[in-house]
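A.B. asks: Sequence:
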Amino acid sequence: GRRPHGIYLPRFVNLSDADQHPDFLRGYAYQGGGSREGWSRGYSMEGFGADFKHDLRTPGPWGFSLYGFGECLPRESNYMDLDPEVVDKWGIPVARFHCEWSDNERRALQEMSVQAAQMLEAVGARDIAPFVEDNPPGLTIHEMGTARMGRDADTSVLNGWNQAWDVPNLFMTDGACMTSSANQNPSITYMALTARAANHAVDLMDRGEL
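Quick note on the working numbering: the sequence shown kicks off at 47 and runs consecutively.
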C-alpha cells in the first residue's frame, strides 16, 4: 500500500581524528524505510476460514526498519586465486576465495545495532527489536575485489587506469579493482571509473600504443 519512501542515513562516525571511535576504524551508513504488513504475514499467523481470510485482506500494522552497511578494510589475507586441483568441465581451474570478516568489521556491526536502536527510540518508535546478522562475505550486494588496482604489476592485477598489466587491451571497470568495500553504494563510482578508463584507452589508441 501507500507508504513513506525509503531513507538513507550517511556515515556519521569516524569522520575525523577528533571523533574516532575507540573500537573500530572507518564507518557505516543505514538504509531503511517504513512498510505495512500485507497478506504474506499469514505464514506466521494462526487461524483459518473466512475470518482468517478477511484479516489478511486488511493491511497489518506499520513497521520501520534500519539496515546498517559498513566498510570492510583491505587486507592481504582476503584474496582470490585459482584452485590447484579442482577444474571445471572444460578443464579450467576454478576460482577459490579466501575471505572473512575481521574483528574490526564485527565490532562495527555491533555498534550499528546499538546506534539504530537509539535513533528509533529517540523518534518515538515502540517495540524496537535490534538484531545483529553476521552474514559471511558474499551474501549482500556490490561485492568487490579479486582484481585489485595498484602501482606494481607484481602485487596487483590492474594499473591506475583499470588496465590489466598482462593484457594491455583488457580494461576491468567494475568493483573488481577495489581493495575494500565502503559503506555507500559504489555504482556511480564504477561509472566514473569506466568513463576514465575509456578516455585513457582512446588516448592510447590515438598514440598507437593500443
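Careful: at least some of the hints might be erroneous.
Said to hold, decoys possible - Pairwise CB distance ranges, derived in the manner of DEER restraints:
(1) D65 <-> P105: 34 to 44 Å
(2) F58 <-> G95: 30 to 40 Å
(3) I234 <-> D97: 18 to 28 Å
(4) G254 <-> N181: 47 to 57 Å
(5) I234 <-> V160: 26 to 36 Å
(6) M165 <-> G84: 44 to 54 Å
(7) L256 <-> S159: 17 to 27 Å
(8) A64 <-> D198: 48 to 58 Å
(9) R197 <-> D220: 16 to 26 Å
(10) N181 <-> R87: 23 to 33 Å
(11) Y125 <-> A64: 48 to 58 Å
(12) H51 <-> G88: 50 to 60 Å
The hints are simulated quantities; they were obtained by calculation from the structure and are not laboratory data.
Just so it is clear, CB atoms sit at the ideal spot from N, CA and C, and this is done for glycine as well.
A.B. asks: Hints first: check each against the structure and report whether it holds.
C.D. replies: Verification of the supplied hints:
| no. | hint | in the structure |
| --- | --- | --- |
| 1 | D65 <-> P105: 34 to 44 Å | 42 Å, holds |
| 2 | F58 <-> G95: 30 to 40 Å | 50 Å, violated |
| 3 | I234 <-> D97: 18 to 28 Å | 50 Å, violated |
| 4 | G254 <-> N181: 47 to 57 Å | 49 Å, holds |
| 5 | I234 <-> V160: 26 to 36 Å | 30 Å, holds |
| 6 | M165 <-> G84: 44 to 54 Å | 26 Å, violated |
| 7 | L256 <-> S159: 17 to 27 Å | 50 Å, violated |
| 8 | A64 <-> D198: 48 to 58 Å | 34 Å, violated |
| 9 | R197 <-> D220: 16 to 26 Å | 20 Å, holds |
| 10 | N181 <-> R87: 23 to 33 Å | 24 Å, holds |
| 11 | Y125 <-> A64: 48 to 58 Å | 34 Å, violated |
| 12 | H51 <-> G88: 50 to 60 Å | 26 Å, violated |
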